[in-house]
Amino acid sequence: MNDQPPGFESAPGGSAPGLTPGGPAPGAYGVPPPASKPRTSLSVALERSRNRLMVTAAMVTLVFTAIGIKLVDATLLSHASEPRQRMAAEIDAPPVNRADIVDRNGNLLATSLATQSLYADPKLISRPDEVAKKLSVALPELDYKELYGKLSGEKRFVWIKRNLTPKQQAAVFRLGLPGVYFEREERRFYPASNLTSHIVGFTGVDNNGLSGLEQSMNKRLVNEPNKPLQLSIDLRLQHILKKELAATIQEFSAIGATGIIFDVRNGEVLSMVSLPDFDPHDPPALNDKAGQDALFNRATLGVYEMGSTFKIFNTAMSLDSGKIKVTDVFDTTHNVSVGRFTIREYHPFHHNLNVAEIFQESSNLGSLHMALTVGVAAQKAFLTKLGLTRPTALELPENGWPLVPNPWREVNTMTIAFGHGMSVSPMHTVTAAASAINGGVLHPPTLMKRDPVAEVPGEQVIAPQTSAMMRRLFRFVVTDGTAKAANAKGYVVGGKTGTAEKQKGRHYERNSRMSSFLGAFPMNDPRYIVYVLVDEPKGTKQTYGFATGGWVAAPAVGRVVKQIGPLLGVPPVDDGSPEVINATYINAAGQTTPPGPPPPPAQSKGSTVASVPPPSGKQR
Amino acid sequence: MKGKSALFWLGLAAAAGGVLFQTSYEVQELEDKLGSLNRQIMDEQEAIQILKAEWSYLNDPTRLESLASQHLQLQPTEARQFVAMDVVPMRPVPPPDAPKAGDGLKNDGKRDGVAPLPPMVRLAPSAPGTAVAAGSNATNNGGIIPASLPSGMGTPAKPAPIKPSALIPGAGKAPALPTAKAAPASAPTVKQVDVAARPMPSQPVQTASVPSTVKSLAVPKPPAAQPAAVAAAPAPKATDSIGVLVARLGANR
Chain A
526 MNDQPPGFES APGGSAPGLT PGGPAPGAYG VPPPASKPRT SLSVALERSR
576 NRLMVTAAMV TLVFTAIGIK LVDATLLSHA SEPRQRMAAE IDAPPVNRAD
626 IVDRNGNLLA TSLATQSLYA DPKLISRPDE VAKKLSVALP ELDYKELYGK
676 LSGEKRFVWI KRNLTPKQQA AVFRLGLPGV YFEREERRFY PASNLTSHIV
726 GFTGVDNNGL SGLEQSMNKR LVNEPNKPLQ LSIDLRLQHI LKKELAATIQ
776 EFSAIGATGI IFDVRNGEVL SMVSLPDFDP HDPPALNDKA GQDALFNRAT
826 LGVYEMGSTF KIFNTAMSLD SGKIKVTDVF DTTHNVSVGR FTIREYHPFH
876 HNLNVAEIFQ ESSNLGSLHM ALTVGVAAQK AFLTKLGLTR PTALELPENG
926 WPLVPNPWRE VNTMTIAFGH GMSVSPMHTV TAAASAINGG VLHPPTLMKR
976 DPVAEVPGEQ VIAPQTSAMM RRLFRFVVTD GTAKAANAKG YVVGGKTGTA
1026 EKQKGRHYER NSRMSSFLGA FPMNDPRYIV YVLVDEPKGT KQTYGFATGG
1076 WVAAPAVGRV VKQIGPLLGV PPVDDGSPEV INATYINAAG QTTPPGPPPP
1126 PAQSKGSTVA SVPPPSGKQR
Chain B
4 MKGKSALFWL GLAAAAGGVL FQTSYEVQEL EDKLGSLNRQ IMDEQEAIQI
54 LKAEWSYLND PTRLESLASQ HLQLQPTEAR QFVAMDVVPM RPVPPPDAPK
104 AGDGLKNDGK RDGVAPLPPM VRLAPSAPGT AVAAGSNATN NGGIIPASLP
154 SGMGTPAKPA PIKPSALIPG AGKAPALPTA KAAPASAPTV KQVDVAARPM
204 PSQPVQTASV PSTVKSLAVP KPPAAQPAAV AAAPAPKATD SIGVLVARLG
254 ANR
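Residue numbers (this note's numbering), protein chains in the order written: chain A, 526 to 1145; chain B, 4 to 256.
Hints should not be assumed to be uniformly reliable.
Under 7 Å between C-beta atoms, here's a sample of chain A residues computed to sit facing chain B [claimed, not checked]:
| no. | residue |
| --- | --- |
| 1 | 620 |
| 2 | 638 |
| 3 | 761 |
| 4 | 1014 |
Just so you know, these hints were derived from the structure itself, not from any lab.
Cβ atoms here follow ideal geometry from the backbone N, Cα and C, with glycine treated the same way.
Given only the sequences and the hints, what does the whole structure look like? Please build it.
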């Protein structure tokens, strides 16, 4: 358009030199004279259409350029703008939405399995009666009437049956019913079943945890489904403990029992059994009395008056206070009357005893006087320090609050000294007792396997010397005291028995007891505590009618220790070797240095050289 | 020229289109394959999950224990069956002049060399009597022999934890046959008491086997030393590591 006018002009200009006088032959020159014609309507139209063409071309170019750029951008430059349709499946990711729970050795305790659930859309079912009939034939456990009611309703979604087995699924599939569909679901499966029911707990039909770790760790299990939750529990120990507890219950016709195996060095709970237990696949209904008893976790939720096992804390407190030495003698012959109660011994002593003997013979009066010497406030502070006034740090939702006297009077101090008037759970007792023998460090109990390199949380609550003395006293109870039956040769067991009368209503029942034994081994370097508590044992002929901790729980602990010692890798030692004797010796006079080279026969009952069987008169 | 270049570009475009289609079909096919593989992986993983659960279920300790009590003759290990490494004595060097009990010695050597389990299994039939018999046997062995006898004497005491029902017929005869001949030749007095004390039903080969192995062990020692040792010291000396070991294994019942 711009070059047109000059061209247009040039034609006349070009012809101008050609304008000759003899102008009659215009065709002889190249330039046509019509070009120099003035603007016609045709040329104007032509020019306009050209312009329009150019505009259109420019527009098209622009648009295609934009498309091209976008195309390059979409195909070459930006990969992430659109997700790829197919990605390779992750190899190590189990196709479930809830993490497994495994024991410390990797054995499965709980896992999720994919199953199919059957549901229906009643709107799409034209003949509910026929469908209901067919389904109730294929799945005999369904009720026809109920099913018919569901299928003829107005809803768009009804569950027919959750978690079908593959066989059932195939049976329903073969019916080919319209309006009936499968949905992939998950179902919790517990391979160990009853064995860990109180620890692992169970889930509801929608896979939400309803008890145990399934409940308290629900978030963790759902958020990290690919990482199994590893517990500190050892399935083998769990089995051994349960077996021995069940045998004890049967032998003494008890109504229940609980046991704990505890690592005193880091607070790991290696085993925890509460009997009776339940099947986590089919947890008992809450309105059932027996079912409630089975669901009840005696080890953590149950709080009991512990009886003489509390003398562990009383003795540790007395020695730790510095006011009392192990050789101090206390009055154990005169009963103490407080109000309408009289505190007396289980079996009376005819002479006063020192601290070691009080612990050995489990004297109530002696413990009482020791506690009074230390004082009310100091006792309260000490037991609080040991964590006996708050729930433990255990990860279970079933974590009992201790029953602590309020206000804490002198009479409470007296009764707490021998384990009455204050109720704590077995887990409390074990945790606190661990600190009494492991050098004085209180480790919070845990059900999670501790990281072997991480530092174990702990708090120094008892002086190491006191703890060392407690070890000797523990051993003394087993060698010469109330718990001879707990001895397991080679594992240097020590411990403390406990027998508490149960409170029924407003008074104590003489014949319904809680008999317990808190054992630890090996006492020269304590590593594990084995605790057994039996609920309402009845005496048998073999025990001469006794049902105290020394007769009921101590033998069970001895049997457990014998079996778990090899599993835990505790090297058996010679009970009579000088190192062991030196580390654990104490005698009735409170002396801790063993006499001369030939160790006392009472102490070294099983020396290596015994070619004659040891006198087993009192050993049961 | 113009036509040629147009043809060239057209051809190129066609080729590119062809390749593109080919590639896209290939990709589609691969994606289908990937999809089916993914489904397969999911299925396999679900199957693995189920198998794991089943494995754990079958490994339930309660079940294993009942199976073990049905099919095995093993019992829980006791503390006295564990021995520290430094207590275990070195294998004794057999003296060159022992032509008589040559094969018996070979037997010993083998026994000393292997782990403690095989002799236990092999000697299981040596307790064919009742439980009482087995017990007395063990205490006898443990009480009398440790002082006098060296290597391997701990092993006869070992069958004690094994139930009397632990009769493995074949196992007992294998070691018995070569040594049976040597048995009457030089059975020490100590052992004869032992044999007499044990009620032997009617299995001469097996009865022979026990004393014979015992005796062949005893051969390297001068026979005179035995009664003296028995009489003098029923307990092993502290320096007698073998005696300590034997006492650990057998005597501490």
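The hints, checked one at a time:
Below 7 Å, beta-carbon pairs count as interface contacts, and residue 620 of chain A has one with chain B at about 5 Å; its hint therefore holds. The restraint placing residue 638 of chain A at the interface with chain B holds, with a minimum CB-CB distance near 6 Å, inside the 7 Å limit. With a least beta-carbon distance of about 6 Å to chain B, the hint placing residue 761 of chain A at the interface is held under the 7 Å criterion. For residue 1014 of chain A, the interface hint holds, since its Cβ comes within 7 Å of a Cβ in chain B; the closest pair sits about 5 Å apart.
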